[in-house]
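K.L.:
Protein chains in written order, with my numbering: chain A, 81 to 446; chain B, 81 to 446; chain C, 81 to 446; chain D, 81 to 446.
Be aware that a few hints might be false.
Any copy, or any two copies together, can satisfy a pair, since identical chains are not distinguished.
Claimed, not checked - Cut-off 16 Å, straight-line C-alpha distance, at most; resulting in silico cross-link-like pairs (EDC-like, lysine to aspartate or glutamate):
#1 K151 x E432
#2 K130 x D95
#3 K151 x E426
#4 K96 x E126
#5 K399 x D219
#6 K297 x D280
#7 K96 x E273
#8 K297 x D282
#9 K272 x E284
#10 K261 x E432
Since the hints were made in silico from the structure, they are not lab data.
Protein chains: 4
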Amino acid sequence: MKHPPAYYADYLQLDKILSAQSPRSAEFGKPAHDEMLFITTHQVFEIWFKQILHELDSVREMFLGDYVDEKSIGVAVSRLNRVATIQSALIEQFRILETMTPLDFLEFRDFLSPASGFQSVQFRLIENKLGLKRQARLDFNDAPYDKRLSEAHQALAQRAEIEPSLFDLVERWLERTPFLKFGDFDFWRSYKEAVERMLDRDRETIERNPTLSEAEKIQELSQLSRTIENFAALFSEEKHKEFVAMGARRLSYAATKAALLIMLYRDQPILHLPFRLLTALVEIDESLAAWRYRHALVVQRMIGTKIGTGGSSGHAYLKQTIDAHRIFTDFFNLSTFLIPRSALPELPAEAERELGFFYGSESLKK
Amino acid sequence: MKHPPAYYADYLQLDKILSAQSPRSAEFGKPAHDEMLFITTHQVFEIWFKQILHELDSVREMFLGDYVDEKSIGVAVSRLNRVATIQSALIEQFRILETMTPLDFLEFRDFLSPASGFQSVQFRLIENKLGLKRQARLDFNDAPYDKRLSEAHQALAQRAEIEPSLFDLVERWLERTPFLKFGDFDFWRSYKEAVERMLDRDRETIERNPTLSEAEKIQELSQLSRTIENFAALFSEEKHKEFVAMGARRLSYAATKAALLIMLYRDQPILHLPFRLLTALVEIDESLAAWRYRHALVVQRMIGTKIGTGGSSGHAYLKQTIDAHRIFTDFFNLSTFLIPRSALPELPAEAERELGFFYGSESLKK
Amino acid sequence: MKHPPAYYADYLQLDKILSAQSPRSAEFGKPAHDEMLFITTHQVFEIWFKQILHELDSVREMFLGDYVDEKSIGVAVSRLNRVATIQSALIEQFRILETMTPLDFLEFRDFLSPASGFQSVQFRLIENKLGLKRQARLDFNDAPYDKRLSEAHQALAQRAEIEPSLFDLVERWLERTPFLKFGDFDFWRSYKEAVERMLDRDRETIERNPTLSEAEKIQELSQLSRTIENFAALFSEEKHKEFVAMGARRLSYAATKAALLIMLYRDQPILHLPFRLLTALVEIDESLAAWRYRHALVVQRMIGTKIGTGGSSGHAYLKQTIDAHRIFTDFFNLSTFLIPRSALPELPAEAERELGFFYGSESLKK
Amino acid sequence: MKHPPAYYADYLQLDKILSAQSPRSAEFGKPAHDEMLFITTHQVFEIWFKQILHELDSVREMFLGDYVDEKSIGVAVSRLNRVATIQSALIEQFRILETMTPLDFLEFRDFLSPASGFQSVQFRLIENKLGLKRQARLDFNDAPYDKRLSEAHQALAQRAEIEPSLFDLVERWLERTPFLKFGDFDFWRSYKEAVERMLDRDRETIERNPTLSEAEKIQELSQLSRTIENFAALFSEEKHKEFVAMGARRLSYAATKAALLIMLYRDQPILHLPFRLLTALVEIDESLAAWRYRHALVVQRMIGTKIGTGGSSGHAYLKQTIDAHRIFTDFFNLSTFLIPRSALPELPAEAERELGFFYGSESLKK
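Chain A with its partners taken away, still in its complex shape:
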């Protein structure tokens, strides 16, 4: 049977959506025109946050089991890219809020107290579901991030801390990557050798360069030795674990290796979508940071160095969180360990076939 006919306003439940704007300045007898803008901007943010959670949850779902269907990767990439697209629209939207001047904000600011954007539980859920850990968060006014949430919201936020985050799930999926060895080909060994060749060549180039003064040579060699140390830390699982223990890195050793493989051999068909997945995660993280940055600016512009509506010297805190609350930094920093394609060992034919499509490889076989 067919469904009953739909009417635009009913389908979108506009009765609820469009009756939910009640400026407090009017309620308390001093109507301020711009409070409506303040309300609608934040409501729009929250609707988009809900959409982001819808996408993140669906992607987490796909990665929950022990096996991720190859077709799912494509869908996951599309949805994560959608999240990034939404984020970029959200950041743009601050432009609208900024058409309100600080003086106009003052007209109703006091009525909002002590409500504050810090109380957006959906924003906390996004962070938690992506993988921001409680211990990685900066305290705000000596209180944990969820202190000013209602009890129901605290419960929501805390449950999201316990559930496996996208970071956890992608890490596990990376750890399962089967492509680090094919018969005789050992990715990690080949990569390590390639790095060593590259570093040797770099040293030679410096030492034999007749145009460099001794002082310049020393400086260049000292820079090179920093690079060498950096790679040394990558090649030692022990060192890696120390870094993780110190909080300097988070991604497991096995996952790090797989992520590097994917970055370096992304042109292989089977690694293409995984590459785009990692890129999408980095982009989401970057956009989240950009959002915090932009948010901090708006807050400072609106209230200067005053205390925020929630009793917070908000903008200073927000600025600190920009980098501190990043989640996928390890993926971001993988660029440190990339080497030029030309320095990479070529894949043996067998590996090429295994990473390719069935169709082509079969026909080649014959």
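Following the hints, position chains B, C and D against chain A.
P.N.:
Chains B, C and D in isolation, oriented as in the chain A frame:
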């Protein structure tokens, strides 16, 4: 007494806002992931439409009486610029919707029937309050624009047709402009003389140009004569009225003269904000057209040349409305009649003083 | 040996780049501040056009031979997406140009005559290399598009008409698609049957719907019969050829079938990147149209209905080209023929394996 | 006499513009496709930098003398808004550069050494002309900012340090503001009284609030006392000078007062454009910071924690400069000292007239 404390989620009525997304695909047993995106995108559009109406109504209010306070112009400009900023964010937002592919849309499209974006009464209100007239609208499927609205919505839309639109109000305000004459200075006569001098000079330049062949001269002179006719129509009130009667122009003769004065002498302090007001109106109109254009593209991309969810071959209609439904075209086209500042008659000192600030002019007097 | 050291300004040849702005208003003794903006905006457009050509040429190169390496598709998609990203930045850039008012433009407009944006040979090259055909172009002032180009530029533009365009190359590549049949699975037959089932069901649903009046049934059935005709034209190669001959369609029958296969089965690993390739082409075409639209607006805003700097009533012409000069319309309109995934015949296991990765399929075999 | 005809490509000097891209990777025998993108992106940046300098210089020119014509303020605002529009397009443009992956960058990165964006003399000129002081700059690798510039470029940068910056010129212009007193009306005294009334009321509200616990009262009062101190520092010229000496503030006391007057009474016609001028400066400064932020992200994404092409650990340095190199912070922070319009003393009629237009005020007089 102080107001009671506010909580973020209560203040924004998030219980209503975030519980208003009910995908029909799920309701009818075939949940389609992307329907949520479709719903939230449209809800966000509607929230912004409400904000736009809030701004437009407040500006219409300012222009309702017989006298517009000079300070109001500044506020009106800010609010109209805000509308344009919102519009530009709305247009950007189509990018989000476009992350949904046509095939994904197909998964739930049938459930929406016959709902359609044509049923957004707020969008109709925006058009009507700006000044789009019923008779200027293209019929859709041989039916007037409001046929598919609910009765309550039809009543709303029709009331907005009757109330003075922003176009009407600004036109009346322009007609009252007192600066067309100052003592001996008659703007319209001076402007007309300047135009005639300019056109004479242009003809001479062509005729005396030794590098032009006879054929080229004839072509350039024929172009010039088109320009001359154009201006002739501007200088004849009768001709202007004919154009209005034919629907080729809409703005009254008096308002047209005032608008030209403002465009040409916008550097005079008292004309600066009026100039920015006219510019803002043109920008809003342009953005509305850009919205229709983008909307038409999305519709075509989603459903090709199929019939829309509301039984409409929507994109073709939408494309026709892009230009047909423009409202402030006459302001837009004023550029046709601008002449270079250097060709403009200088204002007499008295006029300069009257158009300037009190402060400076007083001190000059002494 | 190592390369010699580079200096930023030398590497970027800033001596040339930054010495190439010579306002004619200054040269002829009437310096107009805003002419610099006019020059730099157009120079930036041209630099980006060069970059777009660099990308398009590299993609055309990849598709020139009889066989396109699967790895190339990923690279092609990235580069075409880059083109779309550049286009979207270019469109945004009109915002900068629009900070110049029509009156400011008037100050130097005459000095530019008869130069005109129509003389941008790089823009013509982009259109030609994408696949815009001379016969599809609207004449401008009764003259072909390249009439006002210098001879050298005409030669360039005409060579690009003869060389295989991206449209041609992608069409040929689609025609070679080997996946239309696998053993017993015949895509076209299955698809046709699915369409027929869907249309039958639609008719039944209408006929048996007790809530519809007879008049409504007739209307819905008449809409349905239009849809049926539409599909009939798709299933008849003869009809298709007629459409091509009339200019209503351009893409060959074989390529159309392959494109539909790709759209419908894009979740199959081997079809994922081809799907993204087609999407990228549609997006580039759409952005080109958006550029023309925005360009037309700016021109109208600057000069009203006057004749353009090149003697053209430019904006009217530009508006007509928006749709008329589109190239990948047939891909755009494929949405017309999509059917829901649920209505699609499932692929037989053999086909699934052939369209998947070697790795997984091998392990399944065992 | 008429000027000679112009041809598009000649006018824009496209022979120079389009022949200035010479990838070093090709020159040294290892052509990398993406180097072209790297070159064109940076060239476009530099063209826009030139345009920004063109605007900044013209605005500085207007403010050089002892008297700034009121009409100039409108022009200055338009040009500074244009600068902000350009900046926002520049920031968007990083999206294009980000279509290049780190691995693709590696293909030609070594050939660029030791060239670096730090060597963009135009960017340094923009900073210097806006008002960034040498002593406010963070050292980079223990070297002053201009160390790695060529001698000619150092000379240019240093000359711009000596010339009056936009900050200096606007500060002087503010110091000359004549509106701080009108007859009996003393802005500073009235404002101070209004602030004291507001703070008193705030204290009372807290003390008399029956719903607050003692602990909460103490906390709220301690926050209030911080606000009181803040204002105290504003009302003491001595304190202000100490802050300036310490580098915590930069804007002179007189200019600070004038800037506050403008912010608070911006609705007065004569203060409207000055208000928009200050807003434009804040926006430019903010966009410059946003640019640095985005730049730092791109650098980190491209090269991770490696050393930059110019031997720099660039991204860390860039991040530090985001806030450290801000110039108009004092304007930005004025929001701290705004008070609601309702708390502001009303202007006496005489003052209202002096701040208004001549036209209206004259007619009122009669």
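K.L.:
All hints, please: hold or fail.
P.N.:
Quick rundown of the hints versus the structure:
no. : hint        : verdict
1   : K151 x E432 : between (20 Å within a copy, 11 Å between copies)
2   : K130 x D95  : between (19 Å within a copy, 12 Å between copies)
3   : K151 x E426 : between (27 Å within a copy, 15 Å between copies)
4   : K96 x E126  : both (15 Å within a copy, 12 Å between copies)
5   : K399 x D219 : within (13 Å within a copy, 22 Å between copies)
6   : K297 x D280 : within (15 Å within a copy, 67 Å between copies)
7   : K96 x E273  : neither (63 Å within a copy, 44 Å between copies)
8   : K297 x D282 : within (12 Å within a copy, 66 Å between copies)
9   : K272 x E284 : neither (18 Å within a copy, 67 Å between copies)
10  : K261 x E432 : within (12 Å within a copy, 26 Å between copies)
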